[in-house]
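Just so you know, the sequence shown maps onto residues 0 to 153 in numbering that gives the first Met the number 0.
Hints may contain errors.
Calculated pairs, PhoX-like style, for lysine-lysine (alpha carbon to alpha carbon, straight line, at most 25 Å) [stated by the list, open to error]: (1) Lys1 - Lys52; (2) Lys52 - Lys6; (3) Lys75 - Lys102; (4) Lys117 - Lys47; (5) Lys1 - Lys118; (6) Lys82 - Lys52; (7) Lys135 - Lys27; (8) Lys39 - Lys102; (9) Lys117 - Lys102; (10) Lys1 - Lys82; (11) Lys1 - Lys27; (12) Lys72 - Lys27; (13) Lys27 - Lys6; (14) Lys39 - Lys72; (15) Lys72 - Lys1; (16) Lys75 - Lys1; (17) Lys75 - Lys52; (18) Lys6 - Lys102; (19) Lys1 - Lys117; (20) Lys82 - Lys72; (21) Lys117 - Lys39; (22) Lys102 - Lys72; (23) Lys1 - Lys135; (24) Lys52 - Lys102.
Note that these hints are calculated values from the structure, not bench results. Only a predicted model underlies this, so the values are computations on that prediction, with no experimental measurement involved.
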Amino acid sequence: MKLSEIKTHLQNVDSVNFILSSGEIVPKHFHVTEIGVITKHFIDCGGKERLEKVVNFQLWDANDFDHRLSAEKLLKIISLSEKTLHIEDLEIEVEYQSNTIGKYNLEFDGVNFILAAKKTACLASDSCGVDTPKTKVQLSELQNETCKPGGKCC
(Lines of atoms letter the chains of each structure in order from A and count residues from 1; the text may use other names and numbers.)
(Lines give C-alpha, C1' and ligand atoms only; values in the text may rest on other atoms or scores of the structure.)
Protein backbone atom coordinates (compact mmCIF):
# COMPACT_ATOMS: atom_id res chain seq x y z
CA MET A 1 0.00 0.00 0.00
CA LYS A 2 1.26 3.45 -0.86
CA LEU A 3 1.15 6.46 1.45
CA SER A 4 -1.63 8.07 -0.60
CA GLU A 5 -3.75 4.94 -0.16
CA ILE A 6 -3.53 4.85 3.64
CA LYS A 7 -4.47 8.53 3.74
CA THR A 8 -7.60 7.79 1.69
CA HIS A 9 -8.53 4.80 3.90
CA LEU A 10 -7.99 6.82 7.09
CA GLN A 11 -10.57 9.36 5.90
CA ASN A 12 -13.18 6.59 5.74
CA VAL A 13 -12.66 4.56 8.93
CA ASP A 14 -14.08 5.02 12.42
CA SER A 15 -11.04 3.57 14.17
CA VAL A 16 -7.47 2.56 13.32
CA ASN A 17 -7.08 -1.20 13.73
CA PHE A 18 -4.03 -3.25 12.79
CA ILE A 19 -4.16 -7.03 12.50
CA LEU A 20 -1.40 -9.46 11.59
CA SER A 21 -2.17 -11.82 8.72
CA SER A 22 -2.20 -14.63 11.33
CA GLY A 23 -5.28 -13.00 12.86
CA GLU A 24 -3.42 -11.65 15.91
CA ILE A 25 -4.73 -8.20 16.77
CA VAL A 26 -2.35 -5.35 17.49
CA PRO A 27 -3.61 -4.00 20.84
CA LYS A 28 -5.79 -0.92 20.45
CA HIS A 29 -3.46 1.07 22.71
CA PHE A 30 -0.58 0.91 20.19
CA HIS A 31 1.47 3.99 19.33
CA VAL A 32 2.95 4.99 15.99
CA THR A 33 6.39 5.87 17.31
CA GLU A 34 8.02 6.70 13.98
CA ILE A 35 7.19 7.59 10.41
CA GLY A 36 10.16 7.98 8.11
CA VAL A 37 11.83 6.96 4.89
CA ILE A 38 14.16 3.99 4.71
CA THR A 39 16.59 3.83 1.81
CA LYS A 40 18.31 0.59 0.92
CA HIS A 41 21.22 0.88 -1.53
CA PHE A 42 22.66 -2.52 -2.40
CA ILE A 43 24.02 -4.90 -4.99
CA ASP A 44 22.06 -8.07 -5.69
CA CYS A 45 23.70 -11.48 -6.11
CA GLY A 46 23.96 -10.89 -9.85
CA GLY A 47 26.02 -7.73 -9.32
CA LYS A 48 23.28 -5.26 -10.24
CA GLU A 49 23.13 -2.07 -8.16
CA ARG A 50 19.70 -1.38 -6.70
CA LEU A 51 18.04 1.39 -4.70
CA GLU A 52 14.81 0.88 -2.79
CA LYS A 53 12.91 3.43 -0.70
CA VAL A 54 9.89 2.83 1.53
CA VAL A 55 7.87 4.85 3.99
CA ASN A 56 8.32 3.20 7.37
CA PHE A 57 5.73 3.16 10.15
CA GLN A 58 6.84 1.78 13.50
CA LEU A 59 4.09 0.47 15.77
CA TRP A 60 4.71 0.05 19.47
CA ASP A 61 2.57 -1.68 22.06
CA ALA A 62 3.07 0.22 25.33
CA ASN A 63 1.47 -0.18 28.74
CA ASP A 64 -0.52 2.99 28.06
CA PHE A 65 -3.86 1.15 28.03
CA ASP A 66 -5.93 4.34 27.75
CA HIS A 67 -4.20 5.42 24.52
CA ARG A 68 -6.21 5.22 21.28
CA LEU A 69 -4.84 6.62 18.04
CA SER A 70 -7.62 8.14 15.97
CA ALA A 71 -7.60 8.22 12.19
CA GLU A 72 -7.55 12.02 12.33
CA LYS A 73 -4.47 12.03 14.61
CA LEU A 74 -2.63 9.53 12.39
CA LEU A 75 -3.41 11.68 9.34
CA LYS A 76 -1.87 14.67 11.16
CA ILE A 77 1.27 12.65 11.98
CA ILE A 78 1.54 11.56 8.34
CA SER A 79 1.06 15.13 7.11
CA LEU A 80 3.75 16.48 9.43
CA SER A 81 6.11 13.68 8.32
CA GLU A 82 5.47 14.47 4.65
CA LYS A 83 6.19 18.17 5.15
CA THR A 84 9.22 17.76 7.38
CA LEU A 85 10.89 14.84 5.58
CA HIS A 86 9.63 15.59 2.05
CA ILE A 87 8.22 12.08 1.80
CA GLU A 88 7.17 10.86 -1.63
CA ASP A 89 4.19 8.60 -2.34
CA LEU A 90 6.09 5.37 -1.62
CA GLU A 91 5.09 1.90 -0.52
CA ILE A 92 4.61 1.51 3.24
CA GLU A 93 6.55 -0.95 5.35
CA VAL A 94 5.43 -1.45 8.95
CA GLU A 95 7.72 -2.47 11.80
CA TYR A 96 6.05 -4.21 14.72
CA GLN A 97 7.54 -5.94 17.74
CA SER A 98 6.89 -9.63 18.24
CA ASN A 99 9.77 -11.97 19.18
CA THR A 100 11.95 -9.53 17.27
CA ILE A 101 11.16 -6.50 15.15
CA GLY A 102 9.11 -7.78 12.24
CA LYS A 103 8.73 -5.97 8.94
CA TYR A 104 5.39 -6.19 7.15
CA ASN A 105 3.66 -5.01 4.01
CA LEU A 106 0.45 -3.10 4.62
CA GLU A 107 -2.94 -4.08 3.19
CA PHE A 108 -6.51 -2.96 3.91
CA ASP A 109 -9.57 -5.22 4.09
CA GLY A 110 -12.15 -2.42 4.14
CA VAL A 111 -12.14 -2.13 7.95
CA ASN A 112 -8.72 -3.16 9.27
CA PHE A 113 -5.13 -2.55 8.24
CA ILE A 114 -3.44 -5.90 7.74
CA LEU A 115 0.23 -6.45 8.52
CA ALA A 116 1.03 -8.89 5.70
CA ALA A 117 4.13 -11.05 5.71
CA LYS A 118 7.06 -9.95 3.58
CA LYS A 119 9.12 -12.54 1.76
CA THR A 120 12.65 -12.60 0.44
CA ALA A 121 13.42 -13.48 -3.16
CA CYS A 122 16.38 -13.66 -5.47
CA LEU A 123 16.38 -10.50 -7.58
CA ALA A 124 18.86 -11.90 -10.10
CA SER A 125 17.62 -15.45 -10.61
CA ASP A 126 18.53 -15.28 -14.30
CA SER A 127 22.22 -14.73 -13.52
CA CYS A 128 22.94 -16.37 -10.17
CA GLY A 129 22.18 -20.00 -11.04
CA VAL A 130 18.82 -20.50 -9.35
CA ASP A 131 16.92 -23.07 -11.34
CA THR A 132 13.36 -22.30 -12.30
CA PRO A 133 10.95 -24.93 -10.96
CA LYS A 134 10.12 -27.67 -13.41
CA THR A 135 6.53 -28.70 -13.98
CA LYS A 136 5.84 -32.12 -12.47
CA VAL A 137 3.61 -34.41 -14.50
CA GLN A 138 2.07 -37.65 -13.27
CA LEU A 139 2.76 -40.60 -15.60
CA SER A 140 -0.91 -41.55 -15.31
CA GLU A 141 -1.76 -38.25 -17.02
CA LEU A 142 0.30 -39.24 -20.06
CA GLN A 143 -1.54 -42.52 -20.83
CA ASN A 144 -3.88 -40.95 -23.33
CA GLU A 145 -1.28 -38.63 -24.84
CA THR A 146 0.23 -39.38 -28.21
CA CYS A 147 3.90 -38.63 -28.64
CA LYS A 148 4.00 -35.85 -31.15
CA PRO A 149 5.61 -32.43 -31.16
CA GLY A 150 3.88 -30.23 -28.60
CA GLY A 151 2.56 -33.27 -26.67
CA LYS A 152 3.33 -33.74 -22.99
CA CYS A 153 5.43 -36.85 -23.44
CA CYS A 154 8.04 -35.56 -25.89
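Please list, smallest to largest, the hint numbers that this structure does not respect. 7, 14 and 23
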